[in-house]
Amino acid sequence: MHLRKAGAGSEAAFLALVDRHHMSLVRIARLWCEDLPRAEDSVQRTWVTLLRTLARFDDQSSLKGWLCSALIRILRIDLGPEHETLFELSAEGAIPAVDPERFSPPGDRWEGHWQRPPVDWADAVPGSAPTPEQRAIIERVIAELPHSQRVVLVLRDVEGLAQREVESALGVSAELQHRLLHLARSRVRSALERHHAEVRTS
Amino acid sequence: MKIPNLVALTCLEVTELMTDYMAAELEPADRVQFEQHLYACTWCMTYLTQLRRSVEWTRALQPVEREASAPSREALAAILQRWKNDGSSR
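Protein chains in written order, with numbering that gives the first Met the number 0: chain S, 0 to 201; chain W, 0 to 89.
For the record, the hints were derived by calculation from the structure and aren't laboratory data.
Here a beta-carbon is modelled for each residue, glycine too, at the ideal position from N, C-alpha and C.
Take these hints with a grain of salt, some might be off.
Simulated DEER-style distance windows between Cβ atoms [claimed, not checked]: (1) W/Leu37 / S/Pro80: 43 to 49 Å; (2) W/Ala77 / S/Glu87: 33 to 39 Å; (3) S/Pro104 / W/Leu37: 22 to 28 Å; (4) W/Arg30 / S/Glu91: 17 to 23 Å; (5) S/Ala54 / W/Arg30: 42 to 48 Å; (6) S/Arg51 / W/Ala39: 55 to 61 Å; (7) S/Arg199 / W/Ala39: 23 to 29 Å; (8) S/Arg199 / W/Pro70: 44 to 50 Å; (9) S/Pro80 / W/Glu34: 18 to 24 Å; (10) S/Ala54 / W/Met21: 38 to 44 Å; (11) W/Arg30 / S/Glu83: 36 to 42 Å; (12) W/Met44 / S/Ile94: 21 to 27 Å.
Can you build the whole structure from these sequences, using the hints too?
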């Protein structure tokens, strides 16, 4: 609805779209471009691109997915060929999702089963909101993730893009996305587990 | 995802399959095997619950300031105005 009205020139409708998506796009831009004014500039040009192509916009497309694809194309061009490798995601150098030493070693009767099981989280009830401390931990883990894992986690779990939208925007296969997402989520869980263990022993 | 010929899954294997399970991407027979492990293993069940909470909490990380800043809104409103005035760009 807002899209159609924006296409007809409604400033209110256009700004409603901006309010809904702008901050997400800035966050996505900063996955590749730490400089905030430069990231904002790329996002602004994404909105210009949307206006220029509104007449051809397919109603069946997700606007957020479309904006994200357009933004990534703009960033690739702006950052130039010397940064092209930042857009080629890989699972190289990834550490295992769970520390292998937490499982019984090969040859043991319980090989591959927990020998240091997960620490219970008393407050991990479904639907509970993260505390400010838990949010800060997750933000810190995301900032410290390897680039490819950070990109996939932010696009899929924080911004809620579908697998096919990320595949279309970055050309990253479903299988690789799955691997990167699993590794990233595991690191977040692991950091939260350490936090809970510390709280319990303090 | 197809689990390669496993009679019984270890906890290590189960933790590696959790994202596939959460996305409902295990083959039906593999899903049964995965769930049978969960029925018997409290620790893997705990791990799955924690992974689910981690994803929920990550999804809750939307910026506190959702609206675009005033300068951004002004700049974009000006862009819209120019676009409206420039018939050739439509």
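Supplied distance hint 22 to 28 Å, evaluated on CB atoms of S/Pro104 and W/Leu37: holds (23 Å)
Distance restraint hint 23 to 29 Å, applied to the beta-carbon atoms of S/Arg199 and W/Ala39: At roughly 26 Å between Cβ atoms, W/Ala39 and S/Arg199 fall inside 23 to 29 Å, so the hint holds.
Cβ distance range 42 to 48 Å for S/Ala54 and W/Arg30, holds or violated: Taking Cβ atoms as reference, S/Ala54 and W/Arg30 lie about 45 Å apart, which means the hint holds.
Whether the CB-CB distance between W/Arg30 and S/Glu91 falls inside 17 to 23 Å: violated (30 Å)
Consistency of beta-carbon spacing, W/Met21 to S/Ala54, with hint 38 to 44 Å: holds (39 Å)
Range hint 55 to 61 Å (beta carbons of S/Arg51 and W/Ala39) holds or violated: Because 58 Å falls inside the window, the suggested range holds.
Beta-carbon spacing of S/Pro80 to W/Glu34 - inside the hinted bounds 18 to 24 Å or not: 48 Å Cβ-Cβ, so the 18 to 24 Å window is violated.
Range hint 21 to 27 Å (beta carbons of W/Met44 and S/Ile94) holds or violated: holds (24 Å)
Cβ separation of W/Ala77 and S/Glu87, checked against the hinted range 33 to 39 Å: Cβ of W/Ala77 to Cβ of S/Glu87: about 36 Å, so the range 33 to 39 Å holds.
Status of the given 43 to 49 Å range, CB of S/Pro80 versus CB of W/Leu37: Cβ of W/Leu37 to Cβ of S/Pro80: about 48 Å, so the range 43 to 49 Å holds.
Cβ separation of S/Arg199 and W/Pro70, checked against the hinted range 44 to 50 Å: Check passed, 46 Å falls within 44 to 50 Å.
36 to 42 Å as the expected CB spacing between S/Glu83 and W/Arg30, which holds or is violated: Holds - the Cβ-Cβ distance for W/Arg30 and S/Glu83, about 39 Å, lies within 36 to 42 Å.
Going down the numbered hints, you'll see the structure goes against 4, 9, while the others check out.
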